[in-house]
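The primary structure of each chain is shown beneath.
Number of protein chains: 2
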Amino acid sequence: MAPLVTLKSVASRAGVSYQTVSKVLNGQIQVAPETRERILKAAEELGYRPNQIARNMRTQRSLMIGYSWLPTSPNQINQILDQFLTSMAYEAEAAGYHLLPFPFRNGHVDDYRELIDTGRVDGFVISSVEYDDLRVSLLMERKFPFVAFGRSNSGWDFPYVDVDGAGGLRKATGYLIKQGHRRIGALAWPEDSRVGNDRIAGFFEILQSAGLEVDPRWIERGEGTFEFGYQASRRLLGLPLDERPTALVAMSDTMAIGGIHAAREHQLEVGRDIAIIGFDDAPMSQYLFPPLTTIRQPIREAGRKCVEVLVSLMKGEEPAEKHVLLSPSLITRSSA
Amino acid sequence: MAPLVTLKSVASRAGVSYQTVSKVLNGQIQVAPETRERILKAAEELGYRPNQIARNMRTQRSLMIGYSWLPTSPNQINQILDQFLTSMAYEAEAAGYHLLPFPFRNGHVDDYRELIDTGRVDGFVISSVEYDDLRVSLLMERKFPFVAFGRSNSGWDFPYVDVDGAGGLRKATGYLIKQGHRRIGALAWPEDSRVGNDRIAGFFEILQSAGLEVDPRWIERGEGTFEFGYQASRRLLGLPLDERPTALVAMSDTMAIGGIHAAREHQLEVGRDIAIIGFDDAPMSQYLFPPLTTIRQPIREAGRKCVEVLVSLMKGEEPAEKHVLLSPSLITRSSA
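Chains as they are written, first to last, in the numbering used here: chain X, 40 to 375; chain A, 40 to 375.
The shape of chain X in the complex, shown without the other chains:
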């Protein structure tokens, strides 16, 4: 299929400014005959059509990529939306596409059906993917192009880009072991969370390979909120002195901050008396007391890769990589 022809590309080919092309094609100014000729020739050679809707009608493509995100509650923040949208938008633009974002209503896929049936998008990037994800099964069944940012059921074969959460927890926990910690606790997500299970698996793996035991009391599972991180850490720090963890790894920075508050209540100086590591590298985490050691996800690369793979699929090509796993990195500051 032909790439999107823009006024910009016509201007570039004709060697004149965007404004000149726009005004000449809209009959708003007079220019030298040879300039006009050059512009019309460039437009014709590139197959430029002034109205994108008319063009879409001809090609039967919307040149739109649907993307839905899970809106956060007003007192929380989506740490990755800006970076993820920005990187997707730049990559999409380079391929002649725009994004069509819509809020994701967990468990409902009518928006997806409708966008397909009305021809408003040519493909989807989906995020906040979980086990038995209805969007994955719908899009696989409809054979509609999509890329998931995240994995789902292990038996389902579909294109995805994901961050290696297990690898992230191996790095964080391994760092604590190297510092001499032997009793390490975890602020983890519920057992029905696919992302949470991926991360905690890395935690158990590295402890096992180091020959360290994990007391089941040291694993707290709950929502990724400040409140849960705070209450869970209070319980962990309430254990007898020689049985309580000397270090905590949290599955999110927000939970880790709850842990820092609980430690202060116990008169513990974080970084000296207890080590705490987060996950996200939220921009504010560098300004905490103490600055938070955490795991940073390559969000921009993930957004770029999702669109790159999707563009191949929308063109009917086999993508170079169908399963992309990106490595997160450990950002060491003074909380651990």
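Worth flagging that the hints you see were computed from the coordinates, not collected in a lab. Beta carbons are placed, not taken as given, at the ideal position from N, Cα and C, and that holds for glycine. Errors might be hidden in some of the hints.
Claimed, not checked - The following label-pair restraints were derived from C-beta to C-beta distances:
#, chain 1, residue 1, chain 2, residue 2, range
1, A, S176, X, L364, 44 to 54 Å
2, A, G261, X, T264, 31 to 41 Å
3, A, E76, X, A240, 48 to 58 Å
Said to hold, decoys possible - Reference excerpt, derived from the structure (chain X facing chain A, CB under 10 Å, subset only):
#, residue
4, L64
5, I68
6, L124
7, A128
8, P140
9, D150
10, D292
11, A321
Claimed, not checked - Here are some chain A residues the structure puts well away from chain X; computed CB gaps all over 10 Å:
#, residue
12, G146
13, R152
14, V168
15, S176
16, P255
17, G277
18, P279
19, S366
Following the hints, position chain A against chain X.
For chain A alone, kept in the frame of chain X given last:
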């Protein structure tokens, strides 16, 4: 113009499920003749057309709203993007529109020209508005429907929704005056910032009406970063004891956090030895030591209002309100 007719509305009118309508209209299942009849009648009465592109061709509308945002640098965070996008998307959806977001390249408006010329959007919401904003002058000149989230040059008349930043600073500064502070400093934005000037005007107004002097050394102007807030506060706290401010108001939470770090270096306990107030109510601000007193902007209402006004304009109607000014609120915690 007719509202967008969706499969959902056909299903609702016919009293059957979305899936049934979809499958019947696509010839994928057999249903009872009276059910089929009811669906076809509902589709016809509502004017449902299965392909949105074909429908756009007929109505010459894209049913898209362009929105560009200024991507933040990787170590900063856009405090409002999620809330603003969510509220716009819900309001747009209710009116039959979708959003088309694209990254804003400061000072460049070719993306805007191209989206208009190719008919890909029916209107714009613009944000990060400044003095002499090229987008405002372009869209006014093209008489293309748009609503600005923010004001620009006072002589330009165009539809906007804005938060009353001056009112916010009056609340913050007035609160400090009531607590007995007489030497109040400000971490302000550069003089070419329209939003910054709006906010600082409220600061001067309320001090003047309280008969309090402002030493010019107490006003620091710079970027809204942690680093600037930190360095500026170090300078302010370096003034002789009886000449230095006892309270600081910052134009952003990030600057305020820089101020908290500088105060700790000076062995000052924030909230007791010095008062600091931010602006934004960033989600993390509630978890700081001490939790930050700050100004919260009604972002969801702003997003909703922008789309509401724009939808009127796109329909060729006069909007009920062309200039909307929303009041921010003071969130008191323990930093002041």
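Here's how the hints hold up against the structure:
no., hint, in the structure
1, A/S176 <-> X/L364: 44 to 54 Å, "holds, 47 Å"
2, A/G261 <-> X/T264: 31 to 41 Å, "holds, 34 Å"
3, A/E76 <-> X/A240: 48 to 58 Å, "holds, 55 Å"
4, L64, "holds, 8 Å"
5, I68, "violated, 15 Å"
6, L124, "holds, 7 Å"
7, A128, "holds, 5 Å"
8, P140, "holds, 6 Å"
9, D150, "holds, 9 Å"
10, D292, "holds, 9 Å"
11, A321, "holds, 7 Å"
12, G146, "holds, 14 Å"
13, R152, "violated, 6 Å"
14, V168, "holds, 18 Å"
15, S176, "holds, 14 Å"
16, P255, "holds, 29 Å"
17, G277, "holds, 21 Å"
18, P279, "holds, 28 Å"
19, S366, "holds, 17 Å"
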